[in-house]
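Chains as they are written, first to last, in the numbering used here: chain A, 1 to 350; chain B, 351 to 678.
Calculated from the structure, these hints are not laboratory results.
Residues from chain B shown here face chain A by an in silico Cβ test under 7 Å; the list is partial:
| no. | residue |
| --- | --- |
| 1 | 424 |
| 2 | 443 |
| 3 | 517 |
Every residue, glycine too, gets a C-beta built ideally from N, C-alpha and C.
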Amino acid sequence: MQRETLHRLLRDMMLSRVFEERAAEEYTKGNIVGFLHLYPGEEAVGVGVINAATPSDYIVSTYREHAHALARGVPARNVMAELFGRASGMSGGMGGSMHMFDRERRFMGGYAIVGESCPIAIGIAYGVMLRNLPEAVICFFGDGAVNQGTFHESLNMAGLWRLPVLFVCENNHYAIGTEIHRHSAIPEVHKRAAAYNIPAEKVDGMDVLKVHAAAKSALDRIRHGSGPQFIECETYRYRGHSMADPGTYRPAVEVKAYQAIDPLSITIRNLELKYPTTPELAKVGADNISRLSAHMLNEGHLEEVEIEALRADVQNTVDDAVAHALQSPQPTMDDAWRHLNCNRHHEILI
Amino acid sequence: MAQELLYWQALNRAMDAEMEADDSVFTLGEDVGLYGGSYRVTEGLYAKYGELRVRDTPISENSFTGLGVGAAIMGMRPVVEIMTINFALLALDSIVNAAAKIPFMSGGQFPMPLVVRVPGGVARQLAAQHAQRFESMFMNVPGLRVAVPSTPQDAYWQLRQAIVSDEPIILLEHELLYFSKGEVDTLADPPPMHRAAIRRPGRDVTIVSYSRMAMLAQEAANELAKEGIEAEVIDLRSLSPIDWDTCAASIEKTHRLMIVEEDSKFGGVGGEIAATLGERCFFSLEAPVRRVAGLDIPIAYNGALEAASIPRVPDIVEAARGLHKFVQ
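Could you put the whole structure together from the sequences, leaning on the hints where they help?
This is how it looks when you write it as structure tokens:
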């Protein structure tokens, strides 16, 4: 994998972690209100999948979507401002934490009805098919959504009509407080896709490289006309379902076990071990050996420092996002009416 | 060019015209394709436009309506047919939580050029699960538009207008109107989609109605005219928004308001109309607003009981007489 891709994955995950922890802090201060579903623990899934997509692909997300938006390249300022309900937020302060949209980046929204992302994703995919474009739609949902009718109905139609959708199950094992063995007759989520003739695989959702690789090859297959693909990413959320949920239903030992395989630390560890091998150095040729080896060794040598720099960078980004959100104006009722009437431009009204 | 068409044929012509004009228009629903549509509205379109644009769906109302929502936000103009309004209950999440909300909650980033066509109303002995109306339920959802064509001409105009509109529109088609006949001028300029029509001018009583009941109101008005009572019949054509100005202007003239609706009275359309016009026209009204509506009971299979559960022409005539005679 390209070194810069690795760096991007790491940065996106670090940004997501710092952003979310800060959001929790701002929530306790009262700057963010309502429902706030946070992503720590699950970063490898959203970051891995979204970085495997091209700008022309569509993303349909859930109510736990801040990190998805960040990974898609939405500036942290706009994401934070939306959490603060400000006019400069992604959705003008109308949507909040659970309803983030960015038309330009084909970020087609976060939906707060469990399982609702599925029909919307197949609808976008149907449009892509009608237009005969080489685009794919990424549909996120959690393990709780797989018991909704919309999940089954939509997978059936996607399988039937070979729609270009990548279904991504973020399996964090809990439908709010109900553990998967208590809510699913078949806890291996990916097996359900077989009922609709959709190829599926299970991926270690704590390992961003595995997620990224699986998503990339699935998206490639979709673009080559394979029809829908399905990946189940097994992951874990370190916090409760939302800020209103302390998550006390989970055994402490389980939380600790998943913290031990924190996707962030794994990625950092992998990056630190990226030294060129002797054959790689030999392949570059004699003239470049000394230069490249010096460069790569320097990279290795500077790894810790680099990570520190990255940490400082994402911290600054998040601090700046909060400062921006605090300064942003509140939307007015006029704004609200304007948004409601955004689609009435072609019509003569009474 | 005016020609006589059945209501379903008018809808069919409208679909055909818009599908021909714009290849982003497509339709989907249960049996709309090969079968030709339960009420023949999509007849011939499958052969002409192919299965991609005239898509037979599995029986999955919520998800194929949601499919329409997704297609609409990526730039298509889907026309979703839900076989009857009774099944639309299964699609409420897609209609209410998605279609009506996305333009707003995205901060105005996404239009919603979605049409949901739904046959409904009390037809002929279809029993309680197939004889519902639900207009007031959709009216209670900000962000949705509700159109209720009663004539073939309006069916033609309003479906075409709904397809080119960027708003989510529920088109409620009455099952007993599909085989009603009327003149359709495909070249005439239509009135705005949500403008009410005065079907019959009159000076004594204003009867506000819509869909099939607007037809019955006209029959009742003809009866009343024989007794010297001139009723003005307003066909709303749209239930969200409602053309209040046309109603208010009529009340200025007649000073008496009656509302005729097929849906159950309690919490129904008539309650909203009576309240709004009562607030607005209080000083013009010379009698309490009168509602003639369906009874608050599920519709029985038995034909006589079914007929007795919704307004009939004599019910409207009698109520109008009473309203006309009323003195303070």
